[in-house]
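Q: The listed protein sequences correspond, in order, to chains A and B. Remember, the numbering used here sits 11 above the position in the first sequence when you count from 1. Remember, the numbering used here sits 7 above the position in the second sequence when you count from 1.
Among the clues, some could well be false.
[Said to hold, decoys possible] Looking from chain A toward chain B, a few residues come up when the C-beta cut is under 10 Å (computed): (1) Leu20; (2) Phe62; (3) Phe81; (4) Val101; (5) Ala112; (6) Glu129; (7) Ala153; (8) Ile169.
What the hints contain is simulated information worked out from the structure, not anything from laboratory work. All residues carry an ideal CB built from backbone N, CA and C; glycine is no exception.
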Amino acid sequence: MTEAVFYILAACAVVTATMCILSRSAMSAVLWLTATMLSLAALYVLLSAEFVAAIQVLVYAGAVMVLFLFVVMLLNLGHPTTDMRGPASVAATIVIAGLLAIQLFALWRYTPARLAGEVAQAPQFSDPATLFVAGQIAREEAVARGVVGAVAAPLFQIYLVPFEITSILLLAAIVGAVVLAKRRI
Amino acid sequence: MTDSMALLGPALGLSAILFTLGVAGVLLRRNVIVLFVCIELMLNAVNLTFVALAQLHGAGGQVMVFFVMTVAAAEAAVGLAIILAIFRHKQSVDLQNINLLRG
Chain A
12 MTEAVFYILA ACAVVTATMC ILSRSAMSAV LWLTATMLSL AALYVLLSAE FVAAIQVLVY
72 AGAVMVLFLF VVMLLNLGHP TTDMRGPASV AATIVIAGLL AIQLFALWRY TPARLAGEVA
132 QAPQFSDPAT LFVAGQIARE EAVARGVVGA VAAPLFQIYL VPFEITSILL LAAIVGAVVL
192 AKRRI
Chain B
8 MTDSMALLGP ALGLSAILFT LGVAGVLLRR NVIVLFVCIE LMLNAVNLTF VALAQLHGAG
68 GQVMVFFVMT VAAAEAAVGL AIILAIFRHK QSVDLQNINL LRG
């Protein structure tokens with residue numbers, strides 16, 4: 012059942028992403044990408060990351076995509092002719108993307124059992140007994156403290172300094188966006 | 008072993024497909040905004056990888072997704088402001104007309 016739902020959502024994500032890179036107007040590209048993000052949010056729920064799914068809908072499909080839509084509407088590009096590159100570039104794209112896909116698609120065969128088997132064959136690099144302990148602890152934590160608590164604990168303990176640095180990054184982004192978008196530059 | 012762990016390999020494969028589609032979009036299109044959309048698609052593919060591996064290796068992967076989202080939001084704000092500034096100069100978002108650095 013879970014697998015069937017996963018493959019339906021995966022098909023949705025791939026189809027909408029393909030439409031996103033092939034659609035002629037920027038407006039429909041943004042809307043197709045929003046659909047991709049919503050399918051990904053549903054996939055996150057399947058992968059037991061409920062809080063990330065909520066954030067994905069709120070921040071990504073909500074805020075970031077609305078920002079894109081604002082800019083597309085502000086520029087008022089009308090109905091453009093196609094902006095695809097020439098046939099030479101299309102051929103190069105197919106070669107590059109094909110090679111990349113072949114390399115990345117080897118990840119398809121990555122399963123917990125396979126990883127455990129490989130570690131068992133070479134135990135000098137990593138102890139097989141402690142291989143999936145972190146995932147096990149995270150699952151118990153999620154049961155004990157709820158899905159938000161399980162994410163909040165590492166965020167505010169181990170990753171506290173990166174979290175604080177993030178605020179500086181956001182401040183710099185706000186100032187930069189305001190300065191760049193001013194009338195005279 | 009939970010039920011969703013069997014989905015680890017397929018989830019990584021899906022993120023590979025989405026990332027490749029994003030790369031293909033960046034190479035194919037000339038519209039700057041569509042290019043930006045394709046970069047967001049690639050970031051989302053990487054997020055899927057983090058979430059898929061988080062159920063195996065702990066919640067650190069989910070924390071990393073937050074950082075990726077923050078950086079993506081900041082990048083979108085600044086990048087779209089740059090696109091607006093360029094559009095005011097050139098009256099175009101086509102990469103063919105934006106060649107200031109070509110010398």
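Q: At a threshold of 10 Å, is the proposed contact between Phe62(A) and chain B supported by beta-carbon distances?
A: Interface hint status for Phe62(A): holds (7 Å vs cutoff 10 Å).
Q: Once the shortest beta carbon distance from Glu129(A) to chain B is found, is it less than 10 Å?
A: 14 Å, violated
Q: Taking the closest Cβ pair, is Ala153(A) under 10 Å from chain B?
A: 8 Å, holds
Q: Hint validation: Ala112(A) versus chain B, beta carbon distance must be below 10 Å. Holds or violated?
A: At 4 Å from the nearest chain B Cβ, Ala112(A) passes the 10 Å test, so the hint holds.
Q: Is the interface hint satisfied for Ile169(A)? The criterion is a beta-carbon contact with chain B at less than 10 Å.
A: With a minimum Cβ separation of about 7 Å from chain B (threshold 10 Å), the hint on Ile169(A) holds.
Q: Would you settle whether the hint for Val101(A) is holds or violated, based on the nearest Cβ-Cβ distance to chain B being less than 10 Å?
A: 7 Å, holds
Q: Is the interface hint for Phe81(A) satisfied, with its Cβ closer than 10 Å to some Cβ of chain B?
A: 8 Å, holds
Q: Hold the hint about Leu20(A) up to the distance rule: shortest CB distance to chain B must be less than 10 Å.
A: 9 Å, holds
Figure legend: structure checked against the earlier numbered hints; the only hint not met is number 6.
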